[in-house]
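So the sequences go chain by chain: B and H.
Quick note on numbering: the first sequence equals residues 64 to 234 in this note's numbering.
Quick note on numbering: the second sequence equals residues 88 to 185 in this note's numbering.
Be aware that one or more of the hints could be misleading.
What the hints assert, rightly or not - Listed next, the stretches of chain B that the computed footprint assigns to chain H, with coverage defined by at least 3 CB atoms under 8 Å from CB atoms of chain H:
#1 81-88
#2 92-98
#3 139-150
#4 222-230
Said to hold, decoys possible - Okay, the calculated bits of chain H under chain B, using three or more residues with CB under 8 Å as the criterion:
#5 101-113
#6 142-152
Everything labelled a hint here was simulated from the structure, so no lab data went into it.
Backbone N, C-alpha and C fix where the C-beta goes; we use that ideal spot for every residue, glycine too.
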Amino acid sequence: MNPTRNAQARDGSEAAFASLVAAHQQAVRQFLRRLAANPADADDLAQEAFVTAWEQIDRLKPGVSFRTFVCGIAWKKAQNDRRRVRRAESRDGAWLSLRSEAETPTHETRLSLDKAMQSLPLDMRAVISLCVAEDYSHAEAARILGLPLGTVKSHSQRGRARLCELLGVEP
Amino acid sequence: MSDPLRLMFAPTNVPARDMAFELRVLEAVERRRFRKQMALYLMVAMAILGGSVFLTPLLGSVLTLPALPVFLSVIGVLPGLFIAGRQILSSSKLRRPT
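The shape of chain B in the complex, shown without the other chains (with noise of 0.2 Å):
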């Protein structure tokens, strides 16, 4: 954490803000990446992330760090993502249902990771993207997620196990 860059991209220092995005770009980009689509929807968001960042940095209090600030932007932004994808998903679901089953495909044997992540819900993706694939805290997950921090912990167990359950690992 920079308290003394934060306070200048805060007072309107261009360079400033620059340097906060050269920091963080890989963070928020890795986290939003475990939970979009794809990588191109992922680096739009986390562009969208950073735009946003700008518009409210009066917002960033001083003790917490720019890393929690935008990566909580950046949560928001991809919520609102799925559930335009999940609205543009029913929508061709009318369409799909009419297509014979033959065309439809077959449940593969084993899941991949991504596949596996896939299957977890959105929260608790988030949750072990922070916190088993990254190295952030619970808190700080709860603080980004703006989940309690039981929530947290407890989507961090049950999304372990399964994916362990799901991947064929030990716990």
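Assemble the complex: chain B is given as a structure, and chain H must be docked to it using the hints.
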């Protein structure tokens, strides 16, 4: 002790520095800033236009005064005199020996 599940999460191929992405973000920020400023200028222009349209009938008696251009030219010169005065004062401060 290593976590077998964590080991399965291969690091994504996002580089620590990605100039293309950073440039893309800063460009989007500039675009947003430009759009906001344009919206603000447009709002102020509309407010001035609306205000002048609203005030014209109320100030009708003043606006028809034959000597109005004289007053307006005098008033118009005042900001120029103010700025020139400030410039002269600041340059005299710079030239003053310490």
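Next item on the list: Quick one: see if chain H covers the segment 81-88 of chain B, three-plus residues with Cβ-Cβ under 8 Å.
Entry: With 4 residues closer than 8 Å to chain H, the segment 81-88 of chain B meets the three-residue bar; holds.
Margin query: When I compare C-beta atoms, does the segment 92-98 of chain B have three or more residues closer than 8 Å to chain H?
Written below: holds (count 4)
Check: For the segment 142-152 of chain H, do three or more residues have a beta carbon lying closer than 8 Å to a beta carbon of chain B?
Finding: With 0 residues close enough to chain B, the hint is violated.
Check: Given as covered by chain B, does the segment 101-113 of chain H meet the bar of three residues or more with CB within less than 8 Å?
Finding: As far as the segment 101-113 of chain H goes, the hint holds, because 10 residues have Cβ atoms under 8 Å from chain B.
Next item on the list: Please count how many residues of the segment 222-230 of chain B have a CB within 8 Å of a CB from chain H and say whether that reaches 3.
Entry: holds (count 4)
Checklist line | Cβ contact check, 8 Å cutoff: the segment 139-150 of chain B against chain H, three residues minimum | finding: violated (count 0)
Violated hints, listed in ascending order, are 3, 6; each of the other numbered hints is respected by the structure.
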